[in-house]
Every structure is written in C-alpha cells, then in structure tokens.
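Start from the sequences and build out the full structure, keeping to the hints where you can.
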Amino acid sequence: MKILQKNPLKSCCGTQTLTLALSAPIQNYHTKNFKEKGYFISEPYEKNGFLYLKKEGLIATGVFKQNVLTVKCQGANCLNLKESFFSDLESLV
Numbered sequence: 820m821k822i823l824q825k826n827p828l829k830s831c832c833g834t835q836t837l838t839l840a841l842s843a844p845i846q847n848y849h850t851k852n853f854k855e856k857g858y859f860i861s862e863p864y865e866k867n868g869f870l871y872l873k874k875e876g877l878i879a880t881g882v883f884k885q886n887v888l889t890v891k892c893q894g895a896n897c898l899n900l901k902e903s904f905f906s907d908l909e910s911l912v
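Start counting the sequence shown at 820; every next residue gets the next number (the numbering used here).
Wrong hints could be hidden among the right ones.
Claimed, not checked - No more than 25 Å apart at the CA atoms, straight line, and that leaves these computed lysine to aspartate or glutamate pairs for DMTMM-like:
{"#": "1", "residue 1": "Lys821", "residue 2": "Glu855"}
{"#": "2", "residue 1": "Lys891", "residue 2": "Glu902"}
{"#": "3", "residue 1": "Lys851", "residue 2": "Glu865"}
{"#": "4", "residue 1": "Lys829", "residue 2": "Glu875"}
{"#": "5", "residue 1": "Lys829", "residue 2": "Glu855"}
{"#": "6", "residue 1": "Lys851", "residue 2": "Glu909"}
To be verified - With beta-carbon atoms standing in for the labels, derived distance ranges:
{"#": "7", "residue 1": "Lys866", "residue 2": "Pro827", "range": "27 to 33 Å"}
{"#": "8", "residue 1": "Cys832", "residue 2": "Val912", "range": "22 to 28 Å"}
{"#": "9", "residue 1": "Lys866", "residue 2": "Asn896", "range": "28 to 34 Å"}
The set of hints was computed from the structure by calculation and includes no laboratory data. Only a predicted model underlies this, so the values are computations on that prediction, with no experimental measurement involved. All C-beta atoms, glycine included, are put in the ideal place defined by N, C-alpha and C.
Following this line, the structure appears as structure tokens:
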C-alpha cells in the first residue's frame with residue numbers, strides 16, 4: 820500500500836496531526852499485521868467498522884474500506900514513531 824499524500828492539520832498542545840491518502844482502502848484483515856508489530860487495536864472500534872490503533876504516542880484512526888487515515892502523534896519520539904508507522908503501512912498488501 821502506498822501513501823499518496825500527507826496533509827498536515829493544525830493542532831494544539833504539541834500534537835502533530837496529519838491525514839494520509841492511501842492507494843488502497845484499509846481493510847479489517849490489516850489489523851492482524853499491526854498487532855504483530857506491537858500496535859494496540861481497539862476491538863470495539865474494529866467490530867463497528869473503524870480502525871483505532873495506538874503505539875506509544877502515535878494514534879491512527881480511520882474507517883475500514885476507506886483510503887484515508889488520520890494520524891496524531893505527541894512526544895519527543897514522534898518523528899521516529901511516524902516513520903515507523905509509515906513503513907509498516909506501506910508494507911501492507
């Protein structure tokens with residue numbers, strides 16, 4: 820899966836927020852890959868058609884079968900967390 824576009828959004832309190840446009844929609848089965856890489860996946864959200872994943876100070880949200888994600892990151896390690904997430908996202912098939 821490719822990230823087609825990264826759009827930064829205004830946010831407060833030291834949080835970095837951006838939306839990602841993806842080349843393909845996020846699917847329910849992608850959560851398995853994220854779980855294997857140490858991300859927390861909210862099962863109540865997942866059961867209702869939403870993606871909510873978290874790893875340290877990074878949170879990504881979206882709707883399954885859509886090709887847009889919102890990513891929020893906060894903390895000193897934010898750049899590394901985002902780069903790791905982008906790499907994990909692009910490794911999805």
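Cross-check of the supplied hints:
1. Between Lys821 and Glu855 the CA atoms are separated by roughly 20 Å; this keeps the pair inside 25 Å, and the hint holds.
2. A hinted pair counts as satisfied when its Cα atoms are at most 25 Å apart, and Lys891 with Glu902 qualifies at roughly 13 Å.
3. Annotation: proposed proximity of Lys851 to Glu865 holds, straight-line Cα distance about 11 Å (limit 25 Å).
4. For a cut-off of 25 Å, the pair hint linking Lys829 to Glu875 stands: about 21 Å separates their Cα positions.
5. Of the pairs offered as hints, the one joining Lys829 and Glu855 is violated, with about 31 Å between alpha carbons and a cut-off of 25 Å exceeded.
6. Note on Lys851 and Glu909: the hinted pairing holds, with a Cα-Cα distance of about 15 Å set against a maximum of 25 Å.
7. Hint check: Lys866 to Pro827, Cβ distance near 31 Å, so the stated range 27 to 33 Å holds.
8. Between Cys832 and Val912, the C-beta spacing of about 36 Å breaks the proposed range 22 to 28 Å.
9. For Lys866 and Asn896, the hinted distance range of 28 to 34 Å is satisfied, since their beta carbons lie about 30 Å from each other.
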